[in-house]
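Given chain A's structure and the hints, the job is docking chains B, C, D and E with the ligands onto it.
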Amino acid sequence: MTTAHPSLSPDEIERLKAPARRERIYRILSYFSPLLLLLLWEVAAQVALIDRRFFPPPSAIAGTAWQMIASLELFDHIGATLRRVWVGYAMGAIPGVLLGLILGLSAPARRVLGPIFAALYPVPKIAILPLILLIFGVGDASKFVVIAIGVFFLMFYNTLGGVMQIPQIYLDVARNAGATKFQTFRRVALPSALPSIFTGLKLAAGSSFIIIAAAEFLGARSGVGFFIWASWQTFAVSRMFVGIVVISALGYLTILALEALERHFVPWAKH
Amino acid sequence: MTTAHPSLSPDEIERLKAPARRERIYRILSYFSPLLLLLLWEVAAQVALIDRRFFPPPSAIAGTAWQMIASLELFDHIGATLRRVWVGYAMGAIPGVLLGLILGLSAPARRVLGPIFAALYPVPKIAILPLILLIFGVGDASKFVVIAIGVFFLMFYNTLGGVMQIPQIYLDVARNAGATKFQTFRRVALPSALPSIFTGLKLAAGSSFIIIAAAEFLGARSGVGFFIWASWQTFAVSRMFVGIVVISALGYLTILALEALERHFVPWAKH
Amino acid sequence: MNVAVPQEGRTSGSAEAASVIEVRNLVKAFYDASGDRITLAATDVNFTVRRGEFVCIVGPSGCGKTTVLRILAGLEQLLSGEVRIDSMTQPAMVFQEASVFPWLTVSQNVAFPLSLKGVSAQKQRERVAELLALTGLTEFADAHPHQLSGGMKQRVSVARALVDDRDILLMDEPFGALDEQTRLTLQQELLRIWERTGKTVVFITHSVDEALTLADRVLVMSPRPGTMVADLLVPFERPRDVVEMRRDKRFWDLTYEVWRLLAAAPEH
Amino acid sequence: MNVAVPQEGRTSGSAEAASVIEVRNLVKAFYDASGDRITLAATDVNFTVRRGEFVCIVGPSGCGKTTVLRILAGLEQLLSGEVRIDSMTQPAMVFQEASVFPWLTVSQNVAFPLSLKGVSAQKQRERVAELLALTGLTEFADAHPHQLSGGMKQRVSVARALVDDRDILLMDEPFGALDEQTRLTLQQELLRIWERTGKTVVFITHSVDEALTLADRVLVMSPRPGTMVADLLVPFERPRDVVEMRRDKRFWDLTYEVWRLLAAAPEH
Amino acid sequence: QEKPQIEFLYSPFADYAPFFVAKELGYFDEFGLDVTLSPKSGTAETIQMLASGNVVSGAATWGAGLFNSINSGATVTIVATLAKMPDTVPSPSPLMVSEQAWQDGIRDVKDLKGKRVGIPGPGGFGLYSVAKALEKGGLTVDDVEAIYLPPPATAAAFANGGLEAGWSIEPFALQLEKEGLGRRLVEDHTFGTELGFIAFNNEFAVENEDAVVNFLAAFLKAARQLDNGGWQDEKILDIVSEYTGTEKETLKGIAYTIRSEDGSIDLTSVREQEEFFRERGALEYEGPIDIESVYRTDLLEKANALLAQQ
Ligand SMILES: Nc1ncnc2c1ncn2[C@@H]1O[C@H](COP(=O)(O)OP(=O)(O)OP(=O)(O)O)[C@@H](O)[C@H]1O
Ligand SMILES: Nc1ncnc2c1ncn2[C@@H]1O[C@H](COP(=O)(O)OP(=O)(O)OP(=O)(O)O)[C@@H](O)[C@H]1O
Ligand SMILES: [Mg+2]
Ligand SMILES: [Mg+2]
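Chains as they are written, first to last, in our numbering: chain A, 1 to 271; chain B, 272 to 542; chain C, 543 to 810; chain D, 811 to 1078; chain E, 1079 to 1388.
This is chain A alone, in the form it adopts within the complex (with noise of 0.2 Å):
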């Protein structure tokens, strides 16, 4: 741990680097922090501040839980969703990140298409299901779809806000040293744009667990969100608790991932 330094004491040394190990060691005990929320509702099913019938206490559901995983249940239904969710989430994030980098570099791109993005955004996914259902079918490329609408447009504008944040001495430099329209979006106003990119990346990868627990609603016999939705149907609560826990688990992790992309790739940043 302490290596040798010519004009350093060990002492120095193990002072110098104890801020970096205890901020890995922070972090890794933060990542337990959620459970304290599992507590508190625990706590709150025990003494009977929440309503049982409705909301098991946290160690009920793990029962349930239990029994679910040893029948292999659950997996199935896990590798549906993430499947869906992998899908979905490329589909959507790589031309939203193209887009916003064409979009924010090149002023003509912005003012044609800006608006019609600006447009397309806000119309509601819900109402035009049937549309998609209609284009897409009634099968998983329908939701793939789903997911990769909700997710383009978080990437597109988080990669367009980045890129418009991009200091101009990059693109000066960019130009001077003779980047191509192309090398300029990849060298420079990608790297650049990472920071956003990666907000971008963690809220796409949240909002994709959301939107597939909605879209498994609808056509589907697998997949978590189907689980909940079967479960909550025929009232079974826990089960249906079992579901819930295990798509947010599933997105926490998936942004604790992207977290550690992103110290990996943002290396110049704070974290």
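Don't take each hint at face value.
The calculated lysine to aspartate or glutamate pairs, modelled on EDC-like cross-linking and capped at a C-alpha distance of 16 Å, are [said to hold, decoys possible]:
(1) K288/B x D846/D
(2) K1326/E x E344/B
(3) K288/B x D842/D
(4) K17/A x D578/C
(5) K17/A x D574/C
(6) K1256/E x E344/B
Quick caveat, the hints were computed from the structure, so don't treat them as lab data.
Relative to chain A, chains B, C, D and E with the ligands alone:
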């Protein structure tokens, strides 16, 4: 128009001001570019590229809209929706920005609360609707809350992202000038994060209209979302599209208004 | 602030009373966790600055001058050693990097420290007008920083550091981006303010001329990891005449001495 | 680039063939639409630079030096006048502001122009190593910019501008943040490269000493809105010895002349 | 004297028309009540709101969720029927076949074997209804591929071939026919099937018996008016149009659910539905549920008596 200047010829002043003037004209023109979409749609419907039963041409929708405007039927719905969106938006945006600022500036707060928000964010709103209804009743309050939740996370993550991007030097200047914690929030973190906050505000505006449409699908008897839902239930496609166009237009106008505010409040940025 | 300010320090009167800044065996290193890499920025730095003294620090690029100044300002934690600042007010700092707020106009930037203290708008206006005149920015009072040249931005930082009249001034190459004429004017103004108010000034510069024009003492730092290699008294009486001074042999001796020290262990 | 490059210009050989940069009646103003305010940055600027010439521009802060250089680099549009650049490659620029990319390491920053051109990794490494050695940054090859001092960042910019060996170098106070020792070394290296490669250099500086050390000609600009008020030939033969030069009366005459020109119409 | 206040949860469907009529034509006032109608979403939420006491009354449809919630102790007091399917055709809730499938030769229920059939959800009336329809062709739900979709989405699925058949409801069914997207395949599968019930919060029902009786009387008055030709009345159509957001033109000429004359629930039909869900494994308890313990017929009798006095 061409103000005099001691050392510039009127012609030079003209040329100097031309870009700004052109920019203004282009911007105003660009507000109408979404009409292109309607045109495209009209043509596609007219040449039967798309199924008119599901996508009646805008001209047909305009007819329906006209009747509804004449009967004043739409205005009550618009009023109800706007009121819900406004209240919910404010309820979500204010705490979102505040918590974003606090977590952005305080590492301990970020460590403890960060993961809690990350865990709460992906909880599917549609699944916890019963919980919201139970706590906030079946009236408008629960609709405010549903919007507020959606808006909150967008504002929170965008503000947090913006604060994390603040160049350290600005915080150093504030500290050296003797700023209190609160003054650092108010006078440095907030303005410095404004570009990201505006990205959040625009995203949240779009989302509010998406969410209110969904919320008014469930348990409402007024609002554009209810109107769309009711039309949907009876396959009154033209009416449904009037609703969709109206709600999208409301969202679009809100985004335009926010962009105008942004140009005013972030005059140092490119737009 | 991570700076120890012992109580007795404040009540002056003791033998060492006049020392406002005292740095003892200061060591500062940076640790890069992702690369597991230690950069030693300054080792065993010792110096004191007496009340009302004007001290310049010179040293090769990257030797730790900025780091020492940031530690004095309480913006950076030291690794070991001791730093004592004896002042009722926090030292005012002129940063080396561009540090004006892009969202404020020039006059708002200058007024920033005053506005934090709730000084009346009228008073702020007066004081800011003074400093804008001093730094030649009156015409640009309402401009935003992105409309300024490099030197103009630097002058805004200087004006901001002077605006609330603190006891200690820490200046990190404050005139580096200025032409000699403007620099001369500002040097003169700084000296005038310093003489009138009895401020303590620690001033980093790369120009030996500038150091000899301004300072009571010149501290010379060695290349990274920096340490103080010399503490030279500048013997010229004030007010100093730049042209006159150059006729003095001592000027050239001192210049040569500093150059010799700086060249002693070149960084590359 | 908004710079007119007439075809005949390229084929040299004519009477004026040797002029690589030609600026005629250049006027540049900025318009702030939100305040309906016009800032005149430069008026009626005229100068030419011959192939292989080293020209320094001096002038008071805010007089338009950076603006002129940015126009030469094609980064800014002129309002009226004419600018002609006769070169096969775009001029390389060292910017006055901090301009290194925070997401790249020092060596990646230096390699940036090469990597855009698809130079092989091996070649890039070699060339970058050379320039890091030249600028004394070898030890910091893998550091990120936020781990560098102000002067070190500036050296990265200089290395980046030199890396791909362009015909014209536009340098905006490239050594402003460097101590005299490091500055001297880099001046010498720059001269060595210039003499060997026959580059054309336009160099903005605030230091008259520096201008006289480096330049064939010194262009002096008036305060904002800047215009060229003098075009002074520097008569010293090369290689120049800094200390020797100061013994020459012409050095002091020239220094005095520049000072007089700069002081003629002080900005404030 | 203060009028008793009752908040009632409804869905914006024509099945709830008696409440709209009773409210707008002043029947609730007539019986001395101050009734607020609040829109709600699903059955489960309604039971939750009533059982927890957040809202005192509402109506909901039968289904697995309801049976399970009663079993889990989320008890409410059931007082009367909401609606039932008529014993005649056209049915308000036919099983429809897509035009495309019809052209492809699916003309009978038994042709649906292995085909995709739209069902609104896995635990409610729609599933039961589809099962009854399939029974007509000797099929069960397991013989087809169930696709869970709400009726409006069926239109799209019919158009793009995503579904061969699907559950439907008026006025959507009529529109499907009009647009040439689908045809009625089965209409006689749910004659007399109980659709849902009116319920009160337990404590409220005990403490405010008179208010409940008055509420039911007003409801019955409106229900009888509707079931006896009220749907031809322009004024009533205006009211229903307002509450359901459906145009009057659309409301005209379609079939509606009805109610028993006295508002009582046909428990045989309810038991049949319970049995169905048990067989599907959707119930979390053994044996028939004790509906009688939560179904108070005395209040309805008093309401009928009160109405007879008028
Ligand atoms: N945040 C940091 N992380 C890592 N290393 C740093 C950091 N800040 C400074 N250093 C290192 O510390 C050393 C001293 O830096 P400092 O900025 O104090 O130099 P300086 O004397 O001010 O130089 P200059 O004259 O170039 O401004 C340098 O080697 C630099 O690389
Ligand atoms: N983008 C801009 N918008 C408005 N005004 C500008 C802009 N850039 C420069 N100016 C103005 O143009 C004038 C010349 O600026 P420039 O940067 O060329 O000066 P400079 O000679 O390089 O000064 P310095 O030595 O301080 O760097 C200044 O008055 C400045 O305020
Ligand atoms: Mg420094
Ligand atoms: Mg400049």
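Hint check results:
{"no.": "1", "hint": "K288/B x D846/D", "in the structure": "holds (9 Å)"}
{"no.": "2", "hint": "K1326/E x E344/B", "in the structure": "holds (14 Å)"}
{"no.": "3", "hint": "K288/B x D842/D", "in the structure": "holds (9 Å)"}
{"no.": "4", "hint": "K17/A x D578/C", "in the structure": "holds (9 Å)"}
{"no.": "5", "hint": "K17/A x D574/C", "in the structure": "holds (9 Å)"}
{"no.": "6", "hint": "K1256/E x E344/B", "in the structure": "violated (26 Å)"}
The structure fails hint 6 only (numbered hints given earlier).
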